[in-house]
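So the protein sequences, as listed, match chains A and B.
Residues 131 to 482 in this note's numbering are what the first sequence spells out, letter by letter.
Residues 131 to 482 in this note's numbering are what the second sequence spells out, letter by letter.
Calculated from the structure, these hints are not laboratory results.
There's no promise every hint is true.
Because identical chains cannot be distinguished in the list, a pair is counted as satisfied if it fits within a single copy or across any two copies.
Unchecked claim - Derived DSS-like pairs: lysine-lysine, alpha-carbon spacing no greater than 30 Å straight-line:
1. 430 to 358
2. 240 to 431
3. 431 to 358
4. 268 to 183
5. 198 to 358
6. 358 to 240
7. 198 to 240
Number of protein chains: 2
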Amino acid sequence: MSPRPAAFESRFLRACARRPVDVVPVWFMRQAGRYLPGYRALRTRHSILDIAKTPELACEATLEPIRKFPLDAAIIFADILLPLEAMGLRLRFNPAPTIDHPIRGPADIKRLAVRPDPESLSFVGDAIRLARRELDGKIPLIGFAGAPFTLASYMIEGGPSRDFLLTKALMREIPGSWDTLMDRIVRVTLSYLKMQAASGAQAIQIFDSWAGALSPEDYRASVLPATKRLFSGLKELGVPLIYFGSGASGFLEDFASAGAGVIGVDWRIDIGEAFRRLPGKAVQGNLDPALLLAPLPVLKKAALRILRQASSRRGFIFNLGHGILPQTPPDNVRALAEWVHRYGGRDSGAKG
Amino acid sequence: MSPRPAAFESRFLRACARRPVDVVPVWFMRQAGRYLPGYRALRTRHSILDIAKTPELACEATLEPIRKFPLDAAIIFADILLPLEAMGLRLRFNPAPTIDHPIRGPADIKRLAVRPDPESLSFVGDAIRLARRELDGKIPLIGFAGAPFTLASYMIEGGPSRDFLLTKALMREIPGSWDTLMDRIVRVTLSYLKMQAASGAQAIQIFDSWAGALSPEDYRASVLPATKRLFSGLKELGVPLIYFGSGASGFLEDFASAGAGVIGVDWRIDIGEAFRRLPGKAVQGNLDPALLLAPLPVLKKAALRILRQASSRRGFIFNLGHGILPQTPPDNVRALAEWVHRYGGRDSGAKG
């Protein structure tokens, strides 16, 4: 870990709280991932689940991007689907995530464990403790979980989906069972995230990657109530709460009403427009991940455009609009993080 | 064709022009498709391309939903990728569309034909003439084409894509060639659609199914200029112009500035909000196609919700937010079309 100025230490947490910062903080979703040589080497010997369940390996994956790039936050290496195992489902990666015997009706939902063995996810807590020790107070560590809708869709579809037909059918046609499912997910996720915070996670991000499959009305009627309960329960942890969604620009205000103080947006909306539609919120985003594959001048121009719109706003955290793509050149990640710091000062004007 | 009241004849065209209608008009994207038994029977004997290129078969596919359901518009059976053949690319369906030797650089773009043999797409004109004769002035017939961005993405990726990395790379890194490509697509599409209008198409819809892959800035800088030229060239045809996009709610105003009088929206935005953001435009949409698979009471409730928000608006055309899914029960399509007429009057109040 290279030495960093004192102000650097809490830049990310200050921005989450909409407090002034010296320069815009930056981290990247899936920054610990396949685009990194160290992680790829790890994956030749270990499966994703092995890495996630072995605290030393998860810690190593977490720290690789922090050692390499000037990032303002680390995020613990884990997978949003891990709590499904604690709920009694069987999870595999081949390489897309697959759930054996996905949930197809009320009986399946009733069988789900709601008070999982507290030990069943303790490896994530152990990884967080290890990573906090290594980070040594210099870079804050983010914990995370999947949002109720996104987790439910995996549990029902059995893997990634295009049309979410089974999920929507259960949601619309058996609303009582759907609510039970959402409630069980919320309870398990709350206990999981409390454990993460107790282990040292200094902020929590909730990933609602598939929210964009929904109409605003479906979101409000079938997803928002449970998601509100989740955020309401997380408030007592006293750490910043980030709610990321993809494809939710059509109902951003509803999405933001779930209760997080920081809203993560995808690249399908101007960041300035996101700030206008989200008064009182910190906003995280929103570069198209495909731009990290472009030549540096193209990447720089796009990054500066976002900084021009957002760097003078209270509570801006630079990120991508979705996770880093595996094809991303690591040098571009470094260059982008450096530009955010160089041009993301309140007075630098992002002129480039 | 069952007899229909006189007012029925031009309900769709009147709504496109934001003129008063007796009840809300309705048609469905991909209404001539795999959910219909007649079409499936046709497909056991003929490929998609065979049907599209044989005017009698294309006419038959076009008319099947009109014969079965009380729809207010027919849309000619064709595929948005047909003009790619006229431009010199080889197109196959197996079953996803595949383009042999997709475009990978400037040399490929230069090779594209810009003045295709006027005969090369004449089968679409023949199908339109046949369908108009069969429709006998009772139901208007929509012609269509793919939008420049959506067509370019197929030409470059060689088929459907998730991340559009090759398309975005060409667009951002070789902007001169990208503009040449867009220009060639616009020229071919203009001549193709002029032929459709001359053959009898009474409205034109442009499908920008992949617009949601773009950031607002990419859309404005690299896609909007060519799309504006397309709509500008289409104006002289004197028929209503519909521009449908999926995933464009984050930049709906930019999308609408391309020049169509009717904007088609997906289901990720409230239809009332779409009207508010699109002053002066007619709006088409926006039921989640997955709802057509739901039990009738669930489907009805969702349809009435849209009608409550939109049926008193000038220029509302009921449609889905994307194409009909193959798993859709035809009886649900009939029920939905009937409800739109029953509850879509200005005074019916969509009470159900």
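Right, here's what the structure says about each hint:
no., hint, in the structure
1, 430 to 358, "between (37 Å within a copy, 28 Å between copies)"
2, 240 to 431, "between (52 Å within a copy, 28 Å between copies)"
3, 431 to 358, "between (37 Å within a copy, 25 Å between copies)"
4, 268 to 183, "within (25 Å within a copy, 66 Å between copies)"
5, 198 to 358, "neither (37 Å within a copy, 45 Å between copies)"
6, 358 to 240, "within (22 Å within a copy, 54 Å between copies)"
7, 198 to 240, "neither (46 Å within a copy, 43 Å between copies)"
Violated hints, in rising order: 5, 7; the structure is consistent with all others.
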